[in-house]
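K.L.:
With the hints as extra help, turn the sequences into a complete structure.
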Amino acid sequence: MERVGFIGLGIMGKPMALHLLPAGYPLTVFNRSQGAQNELIAAGATSAASPKDVAAVSDVVITMLPDSPDVEQVVLGKGGVLEGLHSGGLVIDMSTVLPSLARAIHDRAQQKGCTALDAPVSGGQVGAQNATLSIMVGGSVPAFERAKPILEKMGKNIVHVGEAGAGQVTKAANQIVVAVTIAAVSEAFVLAAKAHVNPSKVRDALLGGFAHSRILDLHGSRMLQRRFQPGFKTTLHRKDMAIVLNTARELGLALPVSAAVAELMNALIANGGGELDHSALVTVFEKLGNLELTPPSS
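Count the sequence shown with the numbering used here and you get residues 6 to 303, in order.
One thing to keep in mind: the hints can contain errors.
[What the hints assert, rightly or not] Distance condition first, Cα-Cα at most 27 Å in a straight line; then the derived DSS-like pairs of lysine-lysine: (1) Lys199 with Lys292; (2) Lys161 with Lys117; (3) Lys83 with Lys244; (4) Lys158 with Lys238; (5) Lys57 with Lys153; (6) Lys292 with Lys206; (7) Lys292 with Lys161; (8) Lys158 with Lys57.
[Stated by the list, open to error] Restraint-style ranges between C-beta atoms, simulated for each label pair: (9) Lys83 with Ala200: 55 to 61 Å; (10) Ala253 with Asp222: 26 to 32 Å; (11) Ser52 with Val131: 23 to 29 Å; (12) Leu258 with Leu26: 39 to 45 Å; (13) Lys83 with Gly118: 17 to 23 Å; (14) Leu256 with Glu192: 25 to 31 Å.
It should be emphasised that the hints constitute simulated quantities derived from the structure, not laboratory data.
Here the structure is a predicted model, which is why all the values come from computation and not from measurement.
C-beta: ideal position from N, C-alpha, C; glycine also.
P.N.:
See the structure below:
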């Protein structure tokens, strides 16, 4: 079996990496904080001292990191993955980063006789834990076919979208839909509450109609129950919206709705809510409406 390296063992990366061990993949890991790395070692993984060292003993290296600068440093920087990866190796970046960075990694990998895929995910912490992530992949078809058995250990809906960078463009589109829908559900609940109509009953009614969505179901429940412990932190979604808007700027494209929701996220972060789940965006609308949603009675 392919020897796999995994770099980045955070909320998403740790459960994703853990799924590879029962499948029999020889796994080498690296993480900046020791706790998660120790957990993987206890489960059967081997640790390495740097991204370069991970790559030196791996056929395939997966990265799952917070932002574009992190991925650029870990993959392209001094002591990074491409310094250690042997010819014929494969880099799979599953972080959410700029499409332009995904293309740069692809080009640099090719120069070294390696290949690269951008394979960002959707499904959050629950999807990572249950191996039910949606994985959107950019890169060559042969590289995708090589990676697919590994990706299938971490996700269910795995789609090859197109060439290098296409996976990240798809993830940007995903984050637009999620962000705008969270904002729409927030507005709907605040409108109902201001009109003295029970938002919980409104949610029940809407779930049976054309407005039904997973966000109305899951995040709507979070909003009403005031459960804002992070499944996906607002700061991370705001980072993703910066990727959306930067990519749109590169294309000369106006995305006014995305820009407006990004500003609402800025307001939540400025009010100290950056570490809360992105469903806490509803609190910005509550402040604008001078009210607070009441949790439904049990």
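K.L.:
It remains to establish, for every hint, whether it holds in the given structure.
P.N.:
These are the hints, each one checked on the structure:
1. Lys199 with Lys292: Judged against 27 Å, a Cα distance of about 12 Å means the pair holds.
2. Lys161 with Lys117: violated (31 Å)
3. Lys83 with Lys244: Holds: Lys83 and Lys244 sit about 25 Å apart, inside 27 Å.
4. Lys158 with Lys238: It holds: about 25 Å lies between the C-alpha atoms, which stays within 27 Å.
5. Lys57 with Lys153: At roughly 24 Å apart (the allowed maximum being 27 Å), Lys153 and Lys57 satisfy the hint.
6. Lys292 with Lys206: At roughly 22 Å apart (the allowed maximum being 27 Å), Lys206 and Lys292 satisfy the hint.
7. Lys292 with Lys161: Violated - the C-alpha atoms of Lys161 and Lys292 are around 39 Å apart, more than 27 Å.
8. Lys158 with Lys57: Measuring from Cα to Cα gives roughly 24 Å; hence the hint holds.
9. Lys83 with Ala200: 55 to 61 Å: holds (59 Å)
10. Ala253 with Asp222: 26 to 32 Å: Holds, since Ala253 and Asp222 (Cβ atoms, about 29 Å apart) stay within the stated range.
11. Ser52 with Val131: 23 to 29 Å: holds (27 Å)
12. Leu258 with Leu26: 39 to 45 Å: Holds, at about 42 Å.
13. Lys83 with Gly118: 17 to 23 Å: holds (20 Å)
14. Leu256 with Glu192: 25 to 31 Å: holds (28 Å)
When the structure is compared with the earlier hints, violations turn up for hints 2 and 7 and for no others.
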